[in-house]
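S.K.: Read off the chains here:
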Amino acid sequence: MTEVATDAQLVSRCRRGDQAAWNELVERFSRYVYAICFQAFRLPPHDAEDVFQEVFARVYQHLERLRSDEAIRPWIAQLTRRLCIDRLRSGGREGAVDVDELEPAVLDETLANIDEALTVRACLDAVGDPCREILDRFFCRDESYKAIGEALDMPAGTIASRISRCLAKVKAELEGRS
Amino acid sequence: MSGYDEQRIAALLGLLPPPPEGWVHAAQELPRARAEIAGLVARAEEDAAFRALVVADLEAALEAEGIEATPSVVAALRTRLTAD
Chain A
309 MTEVATDAQL
319 VSRCRRGDQA
329 AWNELVERFS
339 RYVYAICFQA
349 FRLPPHDAED
359 VFQEVFARVY
369 QHLERLRSDE
379 AIRPWIAQLT
389 RRLCIDRLRS
399 GGREGAVDVD
409 ELEPAVLDET
419 LANIDEALTV
429 RACLDAVGDP
439 CREILDRFFC
449 RDESYKAIGE
459 ALDMPAGTIA
469 SRISRCLAKV
479 KAELEGRS
Chain B
567 MSGYDEQRIA
577 ALLGLLPPPP
587 EGWVHAAQEL
597 PRARAEIAGL
607 VARAEEDAAF
617 RALVVADLEA
627 ALEAEGIEAT
637 PSVVAALRTR
647 LTAD
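Here the protein sequences come in this chain order: A and B.
In terms of the numbering used here, the first sequence opens at residue 309 and continues consecutively.
In terms of the numbering used here, the second sequence opens at residue 567 and continues consecutively.
These are computed hints drawn from the structure, not numbers from a lab.
Hints may be right or wrong, so weigh each one.
[Unchecked claim] Taking beta-carbon pairs under 7 Å as the criterion, some of the chain A residues facing chain B (in silico):
id, residue
1, 331
2, 332
3, 338
4, 343
5, 354
6, 358
7, 362
8, 383
9, 410
10, 429
11, 443
12, 453
13, 475
14, 478
Keep in mind that this is a model prediction, so the values were computed, not measured.
Glycine included, each C-beta is placed from N, C-alpha and C at the ideal position.
Just chain A, same shape as in the assembly (with noise of 0.2 Å):
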């Protein structure tokens, strides 16, 4: 099992002006900012681009005034929501959708799943590698086993097994911090 900084250790290192740990707090919440952006307001990418950068520009210009390190997470969700609907309001670029078009109900469920997704890409970090390259690879950037196997020079027949015992260490994790 890998040693995982809290948020709250991170904000607080971040606050002491740690480059490291500002680097590793854009690392963890880059995913999330960028699938509330893509997934959730389906941003034309230089949209979604924009609202990223501005999101970790307010973070890092803002992060003193955060009332609990701990309160990082769903600061993050709230501001990304915000700038996400500013955009869309004030037009957008090319391909941007309406605003009204977004179906509140269908919103709300995407970002619990992004929400969720982060729970588990949590417990996947806390796992550590090889498992969290290897699901990575896989899950998040669909690689097929050969490449992953090439990459980490693993046999690509082992991949779909280690596949299995790592979605159940993942899952372990997870009950475990329930």
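We have chain A; now place chain B onto it with these hints.
M.R.: Below, chain B without anything else, positioned relative to chain A:
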């Protein structure tokens, strides 16, 4: 956090693909970029001709200083300059 099966875990993992590396890198560089912006603004405050150059083309001024002109960095520079 109970009731997860492997299929659900796999589906949830698939919801979080990585963003383009350049986006992540630019966000990670924010603290450094902000420090560099502070230096650029300080120079602009002392040198009116340099300030005019910066105001005329924020992106070019940033690039000339080796700072990546992402939208948030440009906006931060604009805010700093108009606040002064």
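S.K.: For every hint, state whether the structure bears it out.
M.R.: How the hints compare with the structure:
1. 331: 5 Å, holds
2. 332: Not OK, violated: residue 332(A) not within 7 Å of chain B, min 9 Å.
3. 338: 5 Å, holds
4. 343: With a closest approach of 6 Å, the residue 343(A) hint holds.
5. 354: 9 Å, violated
6. 358: 5 Å, holds
7. 362: 5 Å, holds
8. 383: 16 Å, violated
9. 410: Violated, about 17 Å.
10. 429: 6 Å, holds
11. 443: At about 6 Å, which falls below the 7 Å cut-off, the nearest Cβ of chain B leaves the hint on residue 443(A) intact, so it holds.
12. 453: 15 Å, violated
13. 475: 4 Å, holds
14. 478: 5 Å, holds
Of the numbered hints given earlier, the model fails hints 2, 5, 8, 9 and 12; all others are met.
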